Structure formats: C-alpha cells, structure tokens
Amino acid sequence: MSSNITLSWWLAIVPEISLTVLLFIVLLYHRFVKPEDKRQIGILTAWGAFVTLLITLGLWLFFSEPGVEPMLIWGGMIRHDLVTLVFRVMFLVALMITSLVSVEVERLQSSEYYGLLVAATIGFSLMAAGADLIMIYLALETASISSYILAGFYTQNARSSEAGMKYFVYGAFATGIMLYGMSLIYGLTTQTNLAAIASVLAGQTSALTGTAAPLVTAVTLDGGAGLSTASNAALLLAAAMIVVGFGYKISAVPFHFWTPDVYDGSPTAFTGFLSTASKAAGFAIFIRVFSAGVLGDPSSSIWWGMLVAICIVSMALGNFVAIFQTNIKRLLAYSSIAQAGYAMIGLVTFSQSGSGATMFYLLMYIFTNIAAFGVIILVSNVTGSEELEDFSGLSRRSPYLALAMMLAILSLGGIPPTAGFLGKFFLFKAAVDAGLWWLALTGIILAFVALYYYLSIIKYMYLYRSDDEDKAIPVSRAAQVGLGFSVFFIILLGIYAGPAIDWTNQAAAAFFAG
Amino acid sequence: MEAQFPFLSIITLSPILAAVVILLLPQERRENARMLALAAMILGFVLSLWVYIGYYQSLSGVQGVLWSDTLLFVEEAKWIPSLGIGYIMGVDGLSATLVLLTAIVGVGGTLISWSIDDRPREFFAFFMLLVAGVHGVFVAVDGFLLFFFYELAVLPMYVMIVIWGWKERREYAAMKLTLYLLIGSFISFIAFLVLYFQLPEQGLPLTFDLRVWAEANFPFDVQVIWFMPLFLGFAILAGLFPFHNWSPDGHVAAPTAVSMIHAGVLMKLGAYASMRVGIQILPEGTVFWMPFVILLTLINVIYGSFIAMRQTDMKYLIGYSSVSHMGLVSMGFAAMNLEGFVGASIQMVSHGVMTALFFSVVGMVYDRAHTRSMDELSGMGKVFQWPMVAFILGGLVSMGMPGLSGFIAEFPIFLGVWRGGDLDLAGAAFNLNPANYYPWIAIISSIAIVITAAYVLRAVGIVFFGDYDPHKWHDMRPILAIDKATLVGFCVILVIIGVFPSVIAPMVEAGVAPVVNRLETAQQAANFMGAAQTAAAHLFAWLGGA
Chain A
1 MSSNITLSWW LAIVPEISLT VLLFIVLLYH RFVKPEDKRQ IGILTAWGAF VTLLITLGLW
61 LFFSEPGVEP MLIWGGMIRH DLVTLVFRVM FLVALMITSL VSVEVERLQS SEYYGLLVAA
121 TIGFSLMAAG ADLIMIYLAL ETASISSYIL AGFYTQNARS SEAGMKYFVY GAFATGIMLY
181 GMSLIYGLTT QTNLAAIASV LAGQTSALTG TAAPLVTAVT LDGGAGLSTA SNAALLLAAA
241 MIVVGFGYKI SAVPFHFWTP DVYDGSPTAF TGFLSTASKA AGFAIFIRVF SAGVLGDPSS
301 SIWWGMLVAI CIVSMALGNF VAIFQTNIKR LLAYSSIAQA GYAMIGLVTF SQSGSGATMF
361 YLLMYIFTNI AAFGVIILVS NVTGSEELED FSGLSRRSPY LALAMMLAIL SLGGIPPTAG
421 FLGKFFLFKA AVDAGLWWLA LTGIILAFVA LYYYLSIIKY MYLYRSDDED KAIPVSRAAQ
481 VGLGFSVFFI ILLGIYAGPA IDWTNQAAAA FFAG
Chain B
1 MEAQFPFLSI ITLSPILAAV VILLLPQERR ENARMLALAA MILGFVLSLW VYIGYYQSLS
61 GVQGVLWSDT LLFVEEAKWI PSLGIGYIMG VDGLSATLVL LTAIVGVGGT LISWSIDDRP
121 REFFAFFMLL VAGVHGVFVA VDGFLLFFFY ELAVLPMYVM IVIWGWKERR EYAAMKLTLY
181 LLIGSFISFI AFLVLYFQLP EQGLPLTFDL RVWAEANFPF DVQVIWFMPL FLGFAILAGL
241 FPFHNWSPDG HVAAPTAVSM IHAGVLMKLG AYASMRVGIQ ILPEGTVFWM PFVILLTLIN
301 VIYGSFIAMR QTDMKYLIGY SSVSHMGLVS MGFAAMNLEG FVGASIQMVS HGVMTALFFS
361 VVGMVYDRAH TRSMDELSGM GKVFQWPMVA FILGGLVSMG MPGLSGFIAE FPIFLGVWRG
421 GDLDLAGAAF NLNPANYYPW IAIISSIAIV ITAAYVLRAV GIVFFGDYDP HKWHDMRPIL
481 AIDKATLVGF CVILVIIGVF PSVIAPMVEA GVAPVVNRLE TAQQAANFMG AAQTAAAHLF
541 AWLGGA
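Protein chains in written order, with this note's numbering: chain A, 1 to 514; chain B, 1 to 546.
These aren't lab readings, by the way, just hints derived from the structure by calculation.
Note that the coordinates shown come from a computational prediction; the quantities given were computed from them, not determined experimentally.
Note that beta-carbon positions come from the ideal geometry of N, C-alpha and C, so glycine has one too.
Worth double-checking, as some hints may not be accurate.
Here are the computed distance ranges between Cβ atoms for each label pair [unchecked claim]: (1) B:Asp-467 x A:Phe-324: 24 to 30 Å; (2) B:Lys-78 x A:Gly-484: 51 to 57 Å; (3) B:Lys-78 x A:Glu-469: 56 to 62 Å; (4) B:Leu-43 x A:Tyr-464: 34 to 40 Å; (5) B:Trp-50 x A:Gly-498: 30 to 36 Å; (6) B:Leu-24 x A:Gln-506: 32 to 38 Å.
When you get a sec, could you build the whole thing from the sequences and use the hints?
Here it is in structure tokens:
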C-alpha cells in the first residue's frame, strides 16, 4: 500500500500535521523560552490555529483540496471531502477564539492547558474525517481523554475535579456501549469501513474491495435483498447502542445528565470549547454514520423514530429546565442541550438540505456560543462567580461587552439580524421540505420557551442595577480580537449567509447525490 | 429596468447605519445621539415624501390588475440565490403611504423623546432599529425579507419597553408582547414554508419573490388549510380578537415614543402583512374563512370600545381604543370589496397619526404630572392648552367626525360591510342571503362610534376641564416648542386627509385594487360545502399520513 501514497494523501491530513507541530511547539515553549509574560502561550496557540486555518482554507481555495469528488484514503480510514473541511474550519475557529478569550485567565496560563486543547482539536478533526468505525473510535477517544483532563483542570477546585470525574465515568460508559454496538455491526457485515458497511447492508457487493466477503453472503443474503429479520433486530440494537455514544457526545436527552455539572465545574474557557467543538464533532460522526445511510434507509427504520424522539425531547427538556437556572453556565448548559435538539432537526430529515442546514447551524453556533462564554469569562474573572446576578448592570458597566453578549443571546434565540435566525430558518425549511412541518412547528414553539430565558439574560444586563456599575470590566486586546471576530461573524452570517449555506449544502451533497 | 437612485434602501437602511454610529459614539459625545437620530429620521421623511409624491404623480400609469404592475421604485439584488431569496424592495400605493406614515411617526417619536436622559445612546439606537424594521416590512417584496424585517422590529420593542418602560408593568408586558408577536410570526412562517414547497406544483420556481406568489393559484384545499395560520400569525399583531391581549399592556408599559410607533405603525404592520401575505396569496382561502373572521372583528370593535369605557388609566384607554379601531381595519378587509379595503387602508393611516397624537399628549401630561390616572388628573386644560386642543381633535377623529380623517376612513368601511357579502359563500351554503345580514354587522359595529364618543368625551371632560387645583399641580415644566411642533404636525395631517381625501384615497386604492381583483376571481370556488368537505377529508388524510 505504501507505494500508492500520493501527495494528495498527505495534503489531506495537513491540518492534523500542522496541529501536531503546534502541539509540540506549545509543549516545548514553556520549557525552553521561559517567557516572562505568561499570556504569550495562549496567543501563540491562537496564532497557530489561525495559521492552520489559513493553510486549510488555502489548500481548498487554491489547490482544490478537498476537491469535488470525495476521496477515501489512508486505507479507507479517512474520507477527504467537503464535510471534513467544513468541520475542520469549525474546530480551528473554536480553538482560535477559545485561546484568545482564555488568555487572561491566570490559572490556565500553562502549556498543559493549551496543549490539551490542541490535542482535543486533533481528535475532533479526525473524528470528522473518519470513514471507518475504528478510526472514528480512536479519534473520539483522543478527543475525549483530552477533554476529561481539561474538565478537571482546576485540580484544587472540588467542583472542577468532580466535573472531570463525572465526565470521564459517564464518557467511558457511553463509549463502551457504543463500541459494543460497533462490534455488532462488524459481526453482521465483517466490515468496519462505513462505505463497505453501507453496501453490504444494501445487499450489494462491497464498493471498496470489489467483492463481497464470503461470510457476509452467508449471514445476510436473503435473496440479495438485505438482512434477515433476526439480523435486522441486531442491526437495530447496534444502531441504538451507537446512538448512546453519539448522543452523549452531543449531549442529547437522555444522555445529557453530565452536561450541567460538567459545564458548571469546568474552567469556563473550556466549557465554551466543549459546548461547541465537541458537540460539532459529535454531529460530524452522526452525519457520517447515520445520514450517509450506512444503517439503511431511514424511512423504513425504527431508529428513525428513535432519533426524532431524541430530537424533540432534547429541545423540550433543555428549554424548560433552563428557565429555572440561576447560574449562567448551567443555563447555557441546558440551552446547549436544546440546541443539540435543533441541530438534530436537520439530521432527521435525511436530506441534503437538512444536513447542510445542520452544518450551517453548528458553524454559527461555534461563533455564538464561544462569544457568550467569552463574555462570561471576562465577567466572572472580575466578579469571581457565574451567577446571573453578576450580569446586573453590565450595560452600564461595559456597554460593548453587554452588546456582544446580547448579540450572542439573540443569535441563540434565533432573532435577526444574527446568524441564529438564518440557522433556524434553514433547519425549519429543510424540515418542511421533508414533510416534517409538525417537527418544525414543535421546534418553533419550543424556541419561544427558550426566548423567555434568553431575554431574561438581556434583562439582567440592561435593566437591573448593581453596586459596581461604575467599575468597568477590563477587556484585554486578545479578548477584544476574539469577541470582535465572533460578533463580526454572528452578524455576517446573519445577513450574508448565501456563500456559507451553499458551501455546507455542497458538502452535504456527498451523501445525497444519488 | 434601468438603474435608479435606491430610495427605499436608503429609507430602510439609513436608520440602521445611524444606530451603529450612535452606539459607537464615545462616552463624552453621547449627547450627539439625539441629533444623529433626528437627522436620520428627517432624511427618511424627506425621501419617503419624495417617494410618495413620485408615486402619486405616476398613478395613472400604474393602474394594473397584477400587483407586480403596480410596484414602483423597485430594487433587486441577489441575496441567497440558491434558495430563491432575493433582496427585493418596491412600493405600491398602500405601502408608499405606510412608509410615509412610519417616517412621520419616526420624526415625531424622536422629537417627543428629546429629553430622555437614561442612556440616550442606547435608546435612540434601538429606536432607529425599530423604525428600520418597520420600514423594511412595508417595502419588502420578498417574503423572506419581509419576515426578516418583521423579526427585526419586534426585538427593539422588548428592550425599549423593559429598560425605559413604566416600572410597574414593564417586565411582564414586554415579555408578553414579544412572545405573542414572535409566536404569531413564526406560525405564519411555517405556513409560508409549506406553501413555498408547493410552488413547483404550480409550475413556478422555488422563490420567495412575492410577485410570483401573488399570481400563484394554489389548490383550494391547500388554501383552506393554510390560510388561517398564515393570516392569523400576522393578525395577532393587528390586535385581532381573541389575540389582542398583548396590545394594551404593551402600550401602557412602553415609553412614549415606543407607544407611538407601536400603536401608530406596528399594528398596521400586522394588518398590512396579513393582507399582503395572507389575503393576497391565498384568495380562495380568504373567501372561505373571512365570513368567520368578520365575526371576530365585530367582537374586536364592540368589545374593545366597551373595555375602553371602563378604563381610568389614560394609556389603557387609548390602548383598548386602538384594539377597537384596528378591529375596523380587519373588518374592512373582511368585507372583501374595494370599499372595505380602501376604508381599512385609510383607517390605518388615520389611526396611526391619531394614536401617535394621543400617546404624545399622554406622554407630555405624564412626564409633568407623573400620573395617568383619570381619578387624579383634572383641570389640566388650564396648564396644557396645546395638548388639550390636540387631544380633542384626536378624539373627534376617533369618533369619525366629518371633515377629519376618521370619517374618510370609517365611512367606506361601513359602506363596504353593508354592501359586503357578495363573496360570502359560507352564508349561501347555509341557505342564507348575505345581503340580509351584512347590513346588521355594519349597524352593530357602528355602535362603537357612539361608545367611542362616550369615553373620549368623558376623558376630555375629566382630564382637561375638571377643577384645577393649583396646589396639587405646581412646578410643572412648560410644554416645549418642540412638543408643540410635533402636535401641530399630527393635527395638520388629520385635517388635511379629512378635507382633501384625494391626497390619499387614489394611492391606497391603487395599492389594494390588485388584491380585491384577486378575491373576485377567486369566486370559482362557489361550491362551498363540497369544497369544505374535500378540504376536511384532505386534512384528515394528511394528518393521518404524517
């Protein structure tokens, strides 16, 4: 196989290679340079992410890598297509903004913290590119293990340690179940490659190897029409088990129980990263495994109903429980559960426009949620806690921070001219297109429940007074750049979304071209 | 079409630009916010006047059967071409009139709020956004653009009511208003999307361009099923019974300028959009449902005025009177003939100016006397001569006094309802002759005029002509010249429309004629009962299938 390795194989993993280089630089920087200004490490990471982002986009724009035709490379482990690119851009942007807004947090000014962020990003990036169950699992573990440590990064803080532990135990359990589901699929099809699984399940010969493995023929052939009843039940079980692992990653109900505690206990900077990049990575493998039709035609499957149920319950529970939160991180934790439900609307339509809408939604969610968490970091750096009351009088204290927060909140709530409005619009449009207008209607009605608590955050910032109104909150240059960048894209994607949605729709075409 | 000066874009977008500039003003120059806001509003006013006059002059050339023929000042650009979303703006006679109304109320609202001292930068920035959103809805020719601006208009309302509103009710009222309006608009939106995906079956491209929609003929059962969601979502904003509840609370809690925009323009937004999107797109659905809607509007008119009679808070009084008067607008639409539509359109303008006037008077009194309760206010006429005269004039307008704009508006509405029923297929289906009972609807609803006279005169009597207590009302600030100018401006408009109806009637007639024409051609669905049964069967089959 080694003789077949071409330049484009290497180009396909340039972002990961570049991130790995960055990881080593970050790790060695403190050791050798010993900077006096501890903030440099965060800024270095942000620059690294930015350069990688430029390289990734440059390869696409100027060398058509990835091209229009998807490539299955590195022994079928990695699929190099536009979906990979879209998600990579999301992760790199998330890494960059997260580094920028966490520069000022003293307890995080260490090479371990930024190194782990970069390592997690490598994991996410490979998850999005993974075209093989084994690859997906390995990438997921790379990302997860980094995340576990990051969640418990404040070792002196009991709640942070609890968050790390809880995240780890829950994650280990969920991925264990998922792995069992994957092994069932292997047992049924003798394949781990997603494309091969899809073609075996469709009763055809494997597209990858050119011939069907003999065992497959023995087990599954039912006049060439697919699986027998017993195998169908096993497949359903496998699908359910895989959903456990993925659902945990995107914090969908009923796999969400870790979310509030972990979001609350983790360092706020990491919470922002966790709620966006990690969720997006979960959706990436969701799209790879489910939307690609790997587990068969959705319309005839029970697991489709299961996904719709998860979607609705996530939206409902997340939004209703968020109303009662007084801690803003817990509030955003429940809101992120609900947002996962919204993003799933696009998935369950199993259409090109649906998957495209989901990707657009995740893209705008990265900017939006990290902007919101960025403001929380800056505020809680001064106040020392993350209660909603700390935001009282913010508009008199720091008008621009309040404005940034308000735009982020409006985007989460789906009000124009922010990106969230178009994000929801594309999702609902895809749902109606697929005949699921009742799902869109449910989503919309629940969006107004969400609006209630989103608006109350605005109320705290703009209406309520506090004793510290005359003390402005310091915002470092790095944080200004990070927040400014996010807000710019929140507005840009809100009024000029044409290229972005075309891009994600084009990416989704890879699955639904036929 | 040759390139032309983008009037509508400038009218719509210049307030947004002003808002951004105002927000970026440095702390020490924050006082300039007022001047910037006023400059933007005056620019908008001059341009909308230009557009209005320009349209008026070319009226003879635009009398068309198709809506797209009546649009002038059209601007087109691509926005999200892959989904058929375009940035398309244009005005017909009605929307040109409403744009001018918005600009007038915008200038008035800016002048009335001149003395706001709590965070003026934010206040004027949000006010600019609000005005921009309203302008945008009126000039949008693209369905998506219309929804976009509609949502854009609702949010500043929330923030402004919450921050600068009346302390006792503001949080409750702002939340209620926002949720009502957004839920309504999104329900319309779903209906709109469902219809969007039906376009290819009509042989039309997938587009949000309303000019295409205005000529689409959706199947009868589709129209019947989706008319109510599409229409009601916007009718909520017009204060249609039983969804009017947000409106008086919102009026009362809002600061003066927002009340003016809210009652003066925003409720017209609902009426306009429910006509432009609901009635125009689904004429057969309209013909099917309007006989029922007219009953709702009847309740609107009567019930609103009775409740207004009970109020002692002047803002609640005006709030409920708005519900009653907006009921007349919806009733005019529900009459489904040209008289009704023209009357409803003039009523939108007349009521818009009239309520803006009312709210500015109440705002002036409240700022100085610190109460709006009619139990406490009395003899205000001694100190507030200008507001008194203005209030009395507004009161006469709301009673429909001939020679003022209210008469010009209400007379055609009642005439239209009296003569209505030509398109009422429901009555015919039940072996009733609509010609027998439509006059009764007109007669009953005209009772509202009497009740209006009662509560307006009562308010005038108590508040302005009661006993004046010089000890209770001391150290009251005088009425500023700027306030007087605003009041005079509003009064002049009310009188001009009343004396010279021809400045407005041909305009709105040109605007609504295509819609009425569409309704008349929708008579093909004459078999009401059969059609209803088919539609019901379709609906159940569809629900079962989903």
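Going down the list of hints, with the structure as the test:
| no. | hint | in the structure |
| --- | --- | --- |
| 1 | B:Asp-467 x A:Phe-324: 24 to 30 Å | violated, 52 Å |
| 2 | B:Lys-78 x A:Gly-484: 51 to 57 Å | violated, 28 Å |
| 3 | B:Lys-78 x A:Glu-469: 56 to 62 Å | violated, 46 Å |
| 4 | B:Leu-43 x A:Tyr-464: 34 to 40 Å | holds, 36 Å |
| 5 | B:Trp-50 x A:Gly-498: 30 to 36 Å | holds, 31 Å |
| 6 | B:Leu-24 x A:Gln-506: 32 to 38 Å | holds, 37 Å |
Going through the hint list in order, the structure does not satisfy hints 1, 2 and 3.
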